[in-house]
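> Here the protein sequences line up with chains G and W, keeping their order. If you're matching positions, the first sequence starts at 126 in my numbering and goes up one per residue. If you're matching positions, the second sequence starts at 12 in my numbering and goes up one per residue.
Since the hints were derived computationally from the structure, they do not count as laboratory data.
Straight-line C-alpha distance at most 30 Å; calculated DSBU-like pairs for lysine-lysine:
1) W:Lys191 <-> W:Lys277
2) W:Lys154 <-> G:Lys298
3) G:Lys195 <-> G:Lys228
4) G:Lys195 <-> G:Lys298
5) G:Lys298 <-> W:Lys73
6) G:Lys146 <-> W:Lys191
7) G:Lys228 <-> G:Lys298
8) W:Lys73 <-> W:Lys154
9) W:Lys277 <-> G:Lys146
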Amino acid sequence: MSIASPSERTWWEQPVAYHEKIWLVISVVTGVLLFFMMPFWHLFGHQNSSAESYRVNPQAFYQRVQDWAKTQRQTSQGLAPTGNEVYIVAYRFAWFPNPLVLKAGVEYRIHLSSRDVNHGFSLHRDGTTAQKVNFQVVPGYDYVLTMRFTEPGTYHLVCQEYCGLSHQIMVGKIIVEG
Amino acid sequence: MSVSSRARTWTCTVTGLRVHESTVPPLLVNAVTAIVFLLFGGIMALLLALTRWEAVHLLDAKWYFIVLTLHAWSMLVFWMIFFEVAILYFASSIVLNVPLASTRAAWLAYVLMLGGALLAALTAAFQDTSYDQPLLTSYAPLKIHPLFLLGAIIFAVGAFVALGVFFATVWRAQRERTYKGSLPLVTFGAVVAAIIAFESLLGGAIAYIWQFLATLGLVPGIDAEMYRVVWWLLGHGTQQINLAAMVTSWYLLGTLTVGAQTVSEKVSRTAFILYALFINLGAAHHILSDPGVSNAWRIFNASYSVYGAVMASLIHAFAIPASVEWALRRQGHGGLFGWLRHAPWGNPAFASLAVSLPLFGVLGGITGVTFGTEQLNMMVHNTLAIPGHFHATVVAGTTIAFMGIAYEVIRLLGLRELLSRRWATVQVYVFGAGMALVSLAMIWLGYFFGTPRRHPAVSTLPLVRSPALEALLGLAGVVAVVGGTLFIGLAVLSLLRGAPRPRGPVLAVQPQPAPANPHPTGASWAHATQNLAGTLTLCLIFLGVLAVIYATHWINLASLWHVG
Chain G
126 MSIASPSERT
136 WWEQPVAYHE
146 KIWLVISVVT
156 GVLLFFMMPF
166 WHLFGHQNSS
176 AESYRVNPQA
186 FYQRVQDWAK
196 TQRQTSQGLA
206 PTGNEVYIVA
216 YRFAWFPNPL
226 VLKAGVEYRI
236 HLSSRDVNHG
246 FSLHRDGTTA
256 QKVNFQVVPG
266 YDYVLTMRFT
276 EPGTYHLVCQ
286 EYCGLSHQIM
296 VGKIIVEG
Chain W
12 MSVSSRARTW
22 TCTVTGLRVH
32 ESTVPPLLVN
42 AVTAIVFLLF
52 GGIMALLLAL
62 TRWEAVHLLD
72 AKWYFIVLTL
82 HAWSMLVFWM
92 IFFEVAILYF
102 ASSIVLNVPL
112 ASTRAAWLAY
122 VLMLGGALLA
132 ALTAAFQDTS
142 YDQPLLTSYA
152 PLKIHPLFLL
162 GAIIFAVGAF
172 VALGVFFATV
182 WRAQRERTYK
192 GSLPLVTFGA
202 VVAAIIAFES
212 LLGGAIAYIW
222 QFLATLGLVP
232 GIDAEMYRVV
242 WWLLGHGTQQ
252 INLAAMVTSW
262 YLLGTLTVGA
272 QTVSEKVSRT
282 AFILYALFIN
292 LGAAHHILSD
302 PGVSNAWRIF
312 NASYSVYGAV
322 MASLIHAFAI
332 PASVEWALRR
342 QGHGGLFGWL
352 RHAPWGNPAF
362 ASLAVSLPLF
372 GVLGGITGVT
382 FGTEQLNMMV
392 HNTLAIPGHF
402 HATVVAGTTI
412 AFMGIAYEVI
422 RLLGLRELLS
432 RRWATVQVYV
442 FGAGMALVSL
452 AMIWLGYFFG
462 TPRRHPAVST
472 LPLVRSPALE
482 ALLGLAGVVA
492 VVGGTLFIGL
502 AVLSLLRGAP
512 RPRGPVLAVQ
522 PQPAPANPHP
532 TGASWAHATQ
542 NLAGTLTLCL
552 IFLGVLAVIY
562 ATHWINLASL
572 WHVG
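Required output: the full structure, derived from the provided sequences and hints.
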């Protein structure tokens, strides 16, 4: 009974049933397999979380993005970066720059940070439910995400971390051209 | 023996345990307070379900966030921790046949916890709109009301005192030799829950006290990422207290309903020790898609160091049904699943075990393992799939297990019969069905549609939606609230108006060793424990479902553009 002391002097000496031994082996194997999937995907998969980030002053980062945007190409559709370095800053209650025009097949380094509180970077490809990705946007951290869009299309950006009363109006757009 | 001459005990007619009269009032008051918070949190849940059902959309953004804060704190913190304090007092004083180390400290703990809870909840409800709603997490640098943080700190201090009473009571039992040999399994599990609670509260103390002092301008503001890492020690840790307390409750429910005894004390206790060692690493599940940490850190923590804690849960997932199978086979019910057919399905406490264990494992466990995997987390981070996962674990799992415990506590310690065992059983199934569908709808909306959590108006977003699933979430929420209300009504009315139950002879205290288990060696033991084929089959089916869902997530991830 679970409310009485075990009869053995030490519980370690109790025997283990046959079926339970089988399950123990299965449990250990399951744990090891689950573990190795993560390093495996880092080696062979194309969708991994980024470990590159830098401490920044939130206000200085915001200014850096503003200055950077002035040097980029402004098109009728939105801001089109000329190089591979792209900056996105989140603040209550908008994304900047917005919209952003990127090219498919190009590997971008997207610098992501916040000017004020935590925000959520949630990028959805229009019209599909399968393609979407989410990252935390934290003030004081320049989070560098390497992204290569495989297909052109419209991608919507929504804030997915509670950031204040008007959280729901914080949406953005990335247009990926072929 | 250092026992007051005024202390009195009576003997429980069902379990044979000695009940110290002085333990009963603080135990029952903590349990009833928990149930009152469950009622309040349930009303909040109804409002939320009718808001996330976009066709109804009851609350505007301001009220949505207020109600979300009150719901989260009432359920995840106040209902759970008040009830867990009651379980700790049961597992120490009642199971070990010893009075609480200090009834006065137990009341002090209660007053602090209640005062802190009310201060935090009232502040969140009535604060000036220039402050941000804390929700559950109060992420720095949101502008959080200092009185809310003070309430959280006072509550945590009260919980610390209650933990102290528990540990002191276990120590007193050991010193006074009120039990022989090792601790009973239920107390062993409760000790592990209390150790996890201690670690969690330490993390919470650092996060809240720092944030509180920063709000007053006494110290510089905490780094936003550091706050997330430290806060989640509390945020995730408290859910692991629930896990350990729930698993402990399952062993207890098995014993109380079918006389179950775990097949191997060695295996079950080792699994509890794995929890104590590894489970709090799971706090990192909330940091997997964050800046500021390395991939090695993510992999080590996300996996609780090679899934030590997941192995523990798999072991319990086998050991608990196996203990029931063994008990029912001893009572003569054979066949691969014949024992299951002859289980006491009409007993509300057994129903709560039989509903909460599979719902926790299938809906909560599988999503926990997949969403807590480093790369898979990117697909669901901050979507409704996450609350879907923890409504399966904390509500369909822990809350239903605690409902079963509450029914037993009313009978054994409240000394009242339930007003209606039939309705109590129906309640468990209705609540279980409602919560299963709530969790499924949330998981589905979050995983397939990327619907954000903590969002007052997803209809304004440029996202693909599923009105049908939103309606399912709302309707299932209503069903669950009906089931929950039935529970509260039955529990409170039974305690007040139920037919009185006889209690064993009242004795002046004469500490005696608790009865030890019959010696499980020799041919009969080996024969009886050998046939656990039914449980093994069920567990293998579960593992197959896990494998399919886990693989599906990886295949889906591979369809995403390249991210690194």
